[in-house]
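Protein chains in written order, with our numbering: chain A, 1 to 364; chain B, 1 to 290.
Don't read these hints as lab results, they were simulated from the structure.
Just so you know, not all the hints are guaranteed correct.
With the Cβ distance kept under 7 Å, some of the chain B side facing chain A (calculated, not the full set) [as the list claims (entries may be wrong)]:
#1 Ala3
#2 Asn7
#3 Tyr9
#4 Pro11
#5 Glu17
#6 Gly58
#7 Gly60
#8 Met83
#9 Pro95
#10 Gly96
#11 Arg98
#12 Gly100
#13 Lys255
#14 Met260
#15 Arg263
This one's a predicted model, so the numbers in the text were calculated from it and none came from an experiment.
Glycine included, C-beta positions come from ideal geometry on N, C-alpha and C.
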Amino acid sequence: MRTRYYERDAFPPAVAELRRAYRVFVPVRRGDFHAFAEWDDSVRPDFDYRKTRVPPKGLVFPQSERLLVFSTDERDPEHDILREAPKDFPPQAVVGIRPYDAMAFRVLEVNFDTPEVRDPWWLRRREATTLIGLARADEDATMFRTENYAGPFDERGLDVIVYDLGRGYLAKALGEKGEAALAAMGGDEPAADALREVEERIARAATPELPAGRLRAQPAAPELPTGRLRAQPVVPLFEAEFWDEVAAPCLNCGVCTFLCPTCWCFDIQDEVRKQEGDRIRNWDSCMFPLYTLHASGHNPRGKKTQRVRNRFMHKLKYYLDKYDRGVMCVGCGRCVEACPVNIDIREVAARLNGFGEQVERHDR
Amino acid sequence: MIARDRNPYLPYPVRIEEIITETGDHSLKTFKLVFLDPADEARFAFLPGQFAEISVAGKGEIPIGIASSPTEKGYLLFTVQKMGVVTSHLHSMRPGDRLGLRGPLGNWYPWERMEGRNVVIIGGGCAFSTLRSSIVYMTDPSRRPKFKRLTAVYGARCLSLLLYSDRLDEWKGEKSGIDMHVTVDAMQESEPRTPRWQCHVGFVPAVVKEKIKDPTDAIVILCGPPAMLKFTLPVLKEAGFADGQIYLSLENRMKCGIGMCGRCNVGGKLVCKDGPVFSLAELGELPRET
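Isolated chain A (complex conformation):
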């Protein structure tokens, strides 16, 4: 397993070396927020960033994607026959991605790469993507841990993990893709003290009981309460009385789904300009009533409570039951941060997880 050390100032130039073989995406400052952008001469990477507002999900699952093309010109012998939109999938490296956003791709993959059907755009873009993660214990107050996010040093979703040691960075390859990327970045063999420091930082992050202050720079993010969810039967959870209360303040703005790194719902629309047509896939949101509206006018989730319930039940129960790989959440806290009416998935998870407990106590 290749490890490399870069002095603080030497890291961006090493990343720049990747541009010879990859399209390189890096965190850049955009006004008050950060976003991933392709590193060309017009942008400057900012590896000290904490969290991007919009997750880098779109680098593999774009917000809008042309899937198929067609001609409606009847003089064209191929008219009205749909074919795949021609496109390339060049190698791309996402440098500075945080472990939770990398894990999100593992949460998403079960939807697009299934035993029965496989989404060809997801497959090709995912295959072309190398994730070079930034590990630094700087979780904010909206973040939390789940089965799919073990903390700031979680390397499971990454091809390379880069530990920020302050004075420099230590990078470790985690597989073939990572080996190739790290070989292209150059760098030095790390000294023993740098390796030791990484281990200390990991140990510190994993031991939330240590006294705060001297050893701990940051308090560890709490666990999302989900331990009892699997055993909870689905129908009583669905019929629980608290859903109206949870949904009451919701404005149906959809920001929770738009900013979620693990939401995958999409819509497909046709567009025709003159006689050239495109079939386009766009992110959609289960928070919108049109999402489920039948042509007949019937809507199985026409009410706000039904939609809010579906979102949380999907993330915290249906996904868990169906795939047996934890909840559909990586604890990034973006929905908590952005919700205009402070609906908090941690509180909803606690309600679901604790459902039935009060009743049992009452019975005793």
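Fit chain B to the given chain A structure using the hints.
Below, chain B alone, put in the same frame as chain A:
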């Protein structure tokens, strides 16, 4: 099912061979479709109960049950109600026009369980399409011996809204191999056509109560509007049918049809991929949200 190595979003090109206006109010038409590449027909191997996404370039796609039977070779039938953007456009199209077809999608009626048993088919309105497929499939001389007694109840609001009139004449015949009960909610004075065979007057549940009495060794497949289901299911239960013997075909809004876009779920199940056919026993374990 679509082969795993095929792009599941890419439709097979098809041509409209014929358009049959099924109902007096012109709201339902059956489209007879032929693959532009004859080799695609083999790739589209399906069983009754499955559906396909019909693709109109520039308008979009709609999920529609397959109305023809696998025993009817060389073409596919889809009965489409004029309702939204895509279906309205479809209704304005002509023979020779091109469409796309993705599929076959979803699961099918429980054919392995139905073989060797009595089968009851209950349908109402335009939902009869995949049941047409099933009846043609089961009454085909090559397949009829696989099933015991076949009984069907099919209802529409009035005579002019009954689908597949040519087939109804055949199924009502003595040698059809199926005991077919057709009913209309009411007999209109101005019916364009009086059938040669006996037609009940009354709602589907009433006819089911009168004709479907023996749950022994039987499987029921059902497809119809919510009101029909609501009043028919208690009649079946009263007759002694268990939830595991009753299969329903569901609908929901769909886009991808392959279990990815997310919108057609009922609880943790996706109607497009885990359905559209569910047993009443399976539905009993799901949240009620349709």
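Hints, verified against the model:
no. : hint   : in the structure
1   : Ala3   : 9 Å, violated
2   : Asn7   : 5 Å, holds
3   : Tyr9   : 6 Å, holds
4   : Pro11  : 6 Å, holds
5   : Glu17  : 15 Å, violated
6   : Gly58  : 4 Å, holds
7   : Gly60  : 5 Å, holds
8   : Met83  : 4 Å, holds
9   : Pro95  : 14 Å, violated
10  : Gly96  : 10 Å, violated
11  : Arg98  : 4 Å, holds
12  : Gly100 : 5 Å, holds
13  : Lys255 : 5 Å, holds
14  : Met260 : 6 Å, holds
15  : Arg263 : 5 Å, holds
The structure is inconsistent with the numbered hints 1, 5, 9 and 10, although it conforms to all the rest.
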